[in-house]
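Q: Chain residues, written in single-letter form:
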Amino acid sequence: MASDLTLEEVVESMYKEVASVQGRKKLKPMDLQKMIYERFSDRADKRTCKKLGKEAIKELINSGRCVYSYYGGSFIELPPAEGVDK
Amino acid sequence: MSDTPLLDELEKGPWPSFVKEIKMAAKNSAMSQDLLDLLEKSYRDKIGYWKHGGIVGVMGYGGGVIGRYVAIPEQYPNVRHFHTIRVNQPAGWYYSTDALRAICDMWDEHGSGLTNMHGSTGDLVLLGTTTEELEPIFDELIKLEFDIGGSGSDVRTPSCCLGKSRCEWACFDTMEVCHKITMQYQDELHRPAFPYKWKFKFSGCPNDCVAAIARADISFIGTWRDDIQQDDAAVAEYAKTLNILRDVVERCPSRCMEWNGDKLTIDNDNCVHCMHCINAMPKALAPGKDRGCSILMGAKAPIIEGAMLSSMMIPFVKIDEEEDYEAVCEIVEEIWDIWSDEGKNRERIGEFIERVGKSNFLEAIGLEPIPEMVAHPRDNPYIFFEQEED
Ligand code: SF4
Ligand code: SF4
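Residue numbers (our numbering), protein chains in the order written: chain B, 1 to 86; chain H, 1 to 390.
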């Protein structure tokens, strides 16, 4: 499927999702990948969604807008105060 | 009386003691002193005072730093943060003394000075630093041409035995393959994206010096498919000092050897490549010349319960040539795709295969089932036969 889905759209979509559940639910990178496919499956095939999803996570982490956390598994969330203070 | 009477007990006896090492480090490090006092308190109270996890790491990486905090920081302020850093070890654990000295000097400056050589995954482990020191440590490590290893739901730092560099039994170049895999999957190593951890381990022969079969999600274990190399003159030499019948032949697990007091005969078709006879008579026997590796999957070695051993996926493959290596990588990536899509949180690949059923798993990754994949006899009497369509 030819796709007009852009990396920026995927990045923003992921960021909004992470921000909207912050403090209530922890999202794994896999959850975000699946969400992107559910949201954009009419505009891009699974392979494209996966590739853009992976790049979007990289972008969110490298820009510091999101961080990885570890609570018995790896999650992605907004940069909060340090774990010790929680 | 000493301040640490309980820990002092662990210094007694002829074996090395971590207490002795922490005491030495404590002479120059307030962090190590607090660690020592806290540990004594833990032994006294029979309570562990550590919390771990949370959000610590270096910019861009999702693994390699394990956040550790003390639960009573007001009493032990110097170990308020006590994060662990995993450093990706060189293949086969070869270091120059200069490189080790440089890492230790850096660690004395930025951390507790305590190290663990090596962690069970294989990394060089630096024990105890603060959040503020993480980025400076990372910068220093990069200058020293080291990188951080894996942790969390990512590719854990691949590890291998020293293989062909020193061991004549190596059936493939473990160090080369381990290094290539490490470089190729940097993204997967530093950015956790899987349901849980994924460990690659490479052992050059079935002696399996890195315990791949017990620990790795995917194990590459060297093997051969021709006959064991046998030097009859050397066997005769062993016969002068070794009870070949009792200590070699009768201990062969597949009973495929014979010794008539003069001549050793091996029925190679029935040899299961356990290495026992080769280990017992290394000057007389050696793995065959047509060498490669077996690929097994699905081990895990958790601390409390539920250990699993790997089971066979591909009985023999050559991996030294580029195209063979690429074919193996294709299978690995196929497996990652399916596991990432369908795996549950914290489900290792061995557990995933058990849940979905090996036949479904094999079909999904496009591998034909073969008898070598059978891990144990079937214990379920109910069998579905599907009518093959013409
Ligand atoms: S696993 Fe085999 S090849 Fe590797 S070091 Fe051990 S004995 Fe040698
Ligand atoms: S390698 Fe093991 S199974 Fe094979 S002949 Fe030697 S002892 Fe027997």
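It is possible that some hints are incorrect.
What the hints assert, rightly or not - Quick list of the computed label-pair ranges, beta carbon to beta carbon:
no.: 1; chain 1: B; residue 1: N62; chain 2: H; residue 2: Y43; range: 40 to 46 angstroms
no.: 2; chain 1: H; residue 1: S359; chain 2: B; residue 2: S20; range: 22 to 28 angstroms
no.: 3; chain 1: H; residue 1: G357; chain 2: B; residue 2: E55; range: 30 to 36 angstroms
To be verified - With a cut-off of at most 30 angstroms between alpha-carbon atoms, the simulated DSBU-like pairs for lysine-lysine come out as follows:
no.: 4; chain 1: H; residue 1: K180; chain 2: H; residue 2: K20
no.: 5; chain 1: B; residue 1: K28; chain 2: H; residue 2: K23
no.: 6; chain 1: H; residue 1: K51; chain 2: B; residue 2: K50
no.: 7; chain 1: B; residue 1: K54; chain 2: H; residue 2: K20
no.: 8; chain 1: H; residue 1: K51; chain 2: B; residue 2: K25
no.: 9; chain 1: B; residue 1: K28; chain 2: H; residue 2: K300
no.: 10; chain 1: H; residue 1: K20; chain 2: H; residue 2: K46
no.: 11; chain 1: H; residue 1: K12; chain 2: H; residue 2: K23
no.: 12; chain 1: H; residue 1: K344; chain 2: B; residue 2: K16
no.: 13; chain 1: B; residue 1: K50; chain 2: B; residue 2: K25
no.: 14; chain 1: B; residue 1: K51; chain 2: H; residue 2: K358
no.: 15; chain 1: H; residue 1: K143; chain 2: B; residue 2: K50
no.: 16; chain 1: H; residue 1: K289; chain 2: B; residue 2: K58
no.: 17; chain 1: H; residue 1: K300; chain 2: B; residue 2: K50
no.: 18; chain 1: B; residue 1: K54; chain 2: H; residue 2: K180
no.: 19; chain 1: H; residue 1: K344; chain 2: B; residue 2: K58
no.: 20; chain 1: H; residue 1: K318; chain 2: H; residue 2: K164
no.: 21; chain 1: H; residue 1: K283; chain 2: H; residue 2: K318
no.: 22; chain 1: H; residue 1: K27; chain 2: B; residue 2: K28
no.: 23; chain 1: H; residue 1: K180; chain 2: B; residue 2: K51
no.: 24; chain 1: B; residue 1: K26; chain 2: H; residue 2: K300
no.: 25; chain 1: B; residue 1: K51; chain 2: B; residue 2: K16
no.: 26; chain 1: H; residue 1: K46; chain 2: B; residue 2: K28
no.: 27; chain 1: H; residue 1: K300; chain 2: B; residue 2: K25
no.: 28; chain 1: B; residue 1: K26; chain 2: H; residue 2: K344
no.: 29; chain 1: H; residue 1: K300; chain 2: H; residue 2: K283
no.: 30; chain 1: H; residue 1: K51; chain 2: B; residue 2: K26
no.: 31; chain 1: B; residue 1: K58; chain 2: H; residue 2: K143
no.: 32; chain 1: H; residue 1: K300; chain 2: B; residue 2: K34
no.: 33; chain 1: H; residue 1: K51; chain 2: B; residue 2: K28
no.: 34; chain 1: B; residue 1: K46; chain 2: H; residue 2: K344
no.: 35; chain 1: H; residue 1: K180; chain 2: B; residue 2: K50
no.: 36; chain 1: H; residue 1: K164; chain 2: H; residue 2: K289
no.: 37; chain 1: B; residue 1: K26; chain 2: B; residue 2: K51
no.: 38; chain 1: H; residue 1: K344; chain 2: B; residue 2: K25
no.: 39; chain 1: B; residue 1: K16; chain 2: B; residue 2: K58
no.: 40; chain 1: H; residue 1: K344; chain 2: B; residue 2: K51
Worth flagging that the hints you see were computed from the coordinates, not collected in a lab.
Even for Gly, the Cβ is constructed at its ideal location relative to N, Cα and C.
Q: Is it true that the CA of K51/H sits at most 30 angstroms from the CA of K25/B?
A: holds (21 angstroms)
Q: Is the hinted pair K300/H and K34/B satisfied, with a Cα-Cα distance of at most 30 angstroms?
A: holds (27 angstroms)
Q: So if I understand the rule, the pair passes when the alpha-carbon distance is 30 angstroms or less; does K50/B with K25/B pass?
A: The hint holds at about 22 angstroms.
Q: CA of K58/B to CA of K143/H, is that 30 angstroms or under?
A: It holds: about 23 angstroms lies between the C-alpha atoms, which stays within 30 angstroms.
Q: Against the 30 angstroms threshold, does the CA-CA distance of K283/H and K318/H hold or violate the hint?
A: Holds: K283/H and K318/H sit about 26 angstroms apart, inside 30 angstroms.
Q: Regarding the pair K300/H and K25/B, is the alpha-carbon distance no greater than 30 angstroms?
A: Since the Cα atoms of K300/H and K25/B sit roughly 28 angstroms apart, the hinted pair holds (cutoff 30 angstroms).
Q: Decide if the proposed pair is consistent with the structure: K51/H and K28/B, CA atoms, cutoff 30 angstroms inclusive.
A: Holds, because 21 angstroms separates the two Cα atoms, which is no more than 30 angstroms.
Q: Are the Cα atoms of K28/B and K300/H separated by 30 angstroms or less?
A: holds (22 angstroms)
Q: Need the status of pair K344/H, K25/B: alpha-carbon distance at most 30 angstroms?
A: OK: K344/H and K25/B at ~16 angstroms, within 30 angstroms.
Q: Are K51/B and K16/B close enough, with their CA atoms no more than 30 angstroms apart?
A: holds (19 angstroms)
Q: Need the status of pair K20/H, K46/H: alpha-carbon distance at most 30 angstroms?
A: holds (21 angstroms)
Q: Are the Cα positions of K12/H and K23/H separated by 30 angstroms at most?
A: holds (14 angstroms)
Hints 2, 4, 5, 6, 7, 15, 16, 22, 26 and 29 from the list above are not met by this structure, while the remaining hints are.
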